[in-house]
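**Student:** First to last, the sequence lines map onto chains A and B. Residue numbers are given in my numbering: position 158 of the first sequence equals residue 158, and the series is strictly consecutive. Residue numbers are given in my numbering: position 49 of the second sequence equals residue 1049, and the series is strictly consecutive.
Treat each hint with caution, since some may be false.
Facing chain B, a subset of chain A residues (Cβ under 7 Å, in silico) [as the list claims (entries may be wrong)]:
#, residue
1, G33
2, M124
3, T227
4, Y235
Straight-line C-alpha distance at most 20 Å; calculated SDA-like pairs for lysine to any residue [unchecked claim]:
#, chain 1, residue 1, chain 2, residue 2
5, A, K8, B, L1016
6, A, K152, A, G132
7, A, K8, B, D1022
8, A, K8, B, H1018
9, A, K8, B, I1028
10, A, K152, A, G231
11, A, K8, B, A1027
12, A, K152, A, D210
13, A, K8, B, F1046
Everything labelled a hint here was simulated from the structure, so no lab data went into it. Computed from a predicted model, the values in this text were never measured in an experiment. Heads up, the beta-carbon is just placed ideally off N, CA and C, and yes, glycines get one too.
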Amino acid sequence: MNIHTYEKTWLAVTLVLIVGFIATITYGAVGPGIAMIDDDGGTIDPDTINDDERFGDPGVTHVGGNEYNVSVVAQAWSYTPSEITVPANSTVNFHVTSRDVTHSFTVVGTNVNTMVIPGQVSQMTVEFDEPGEYGILCNEYCGAQHHTMEGKLNVVPQDEFDLTEIDTEAPDEAQLGNETTINATVSNDMNYDLETTATLEIGDQTVEQDVTVPGHGSETVTFEVDTAELGTGDYDWTVTVDGHEDGDTLTVTNATEGGDTDA
Amino acid sequence: MSSVIEEEETERVRELGHEEYDPIGTAILVGIYFLILVALWIFMYFVEFLGNGPTVVGVLLTVVGLA
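Using the sequences and the accompanying hints, generate a full structural model.
**Tutor:** Right, dumping it as structure tokens:
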């Protein structure tokens, strides 16, 4: 068969082009390690999402080292949690599922983008090298308020990141002379123990207590407050643990004045 | 009508050999299209896609869909 020189050249360069396409995709897979999102996440019954270990209490958990798991529940028209904070230089495994209809989990301006299908768990691994703020959007039309479905992803410097939370419980009112207690529950979602100090500030008093919170656990610190030392009045109080703060106001009343029976 | 076409077809001015046919202008044009295509591919993959991190990563098996 007699083939023209130009035609031979064309056959050769198109072959090079196809090989080039395959080579660049292979480079992407082997070099930067780019992956496709598939059905590895497995299936889940959308009606029992709340009973699932990951999705019952969605959010960020520490796996170990620089690795974190983030579970997200998408539903019309919000993400739970709506704001995700992870540290820089970390590897994050996202598990996303839907409670109702098909949504998407799209980190705007990046290649992190997956469909979120009810009954399926979309699983993907992402490495965050630099701190930054990203928007999360749904790009699968999911109903009337689809355009309002959004979330936020914060990648913060490592030294600004922790998974400590504080929640306090205390009476609003106490009678003068009585002892009252302020309970602070410190939770720690890292996989190692947190040794820290809880500080209560009320009136002019400052009380410190050392606390060790187990990994993936919580610990309650109890502060005894002697109202006799405070005197009557309103006292703003705060409990501080590792820069996290929670507080309220305690009203100390006279024994004779207090209560509804006085009126 | 048909006779006119027949006449034109048979009116041969010069016969070209297989390799004498040389559409160099078309070849250059196709070559330019080709270079644009290659440049766009490089830009799309290496600049727009790989440069648009963070990206979804994994082991090679998940990349090619074997696992």
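**Student:** All hints, please: hold or fail.
**Tutor:** Consistency of the hints with the structure:
{"no.": "1", "hint": "G33", "result": "4 Å, holds"}
{"no.": "2", "hint": "M124", "result": "5 Å, holds"}
{"no.": "3", "hint": "T227", "result": "53 Å, violated"}
{"no.": "4", "hint": "Y235", "result": "47 Å, violated"}
{"no.": "5", "hint": "A:K8 with B:L1016", "result": "19 Å, holds"}
{"no.": "6", "hint": "A:K152 with A:G132", "result": "11 Å, holds"}
{"no.": "7", "hint": "A:K8 with B:D1022", "result": "13 Å, holds"}
{"no.": "8", "hint": "A:K8 with B:H1018", "result": "13 Å, holds"}
{"no.": "9", "hint": "A:K8 with B:I1028", "result": "15 Å, holds"}
{"no.": "10", "hint": "A:K152 with A:G231", "result": "46 Å, violated"}
{"no.": "11", "hint": "A:K8 with B:A1027", "result": "12 Å, holds"}
{"no.": "12", "hint": "A:K152 with A:D210", "result": "34 Å, violated"}
{"no.": "13", "hint": "A:K8 with B:F1046", "result": "29 Å, violated"}
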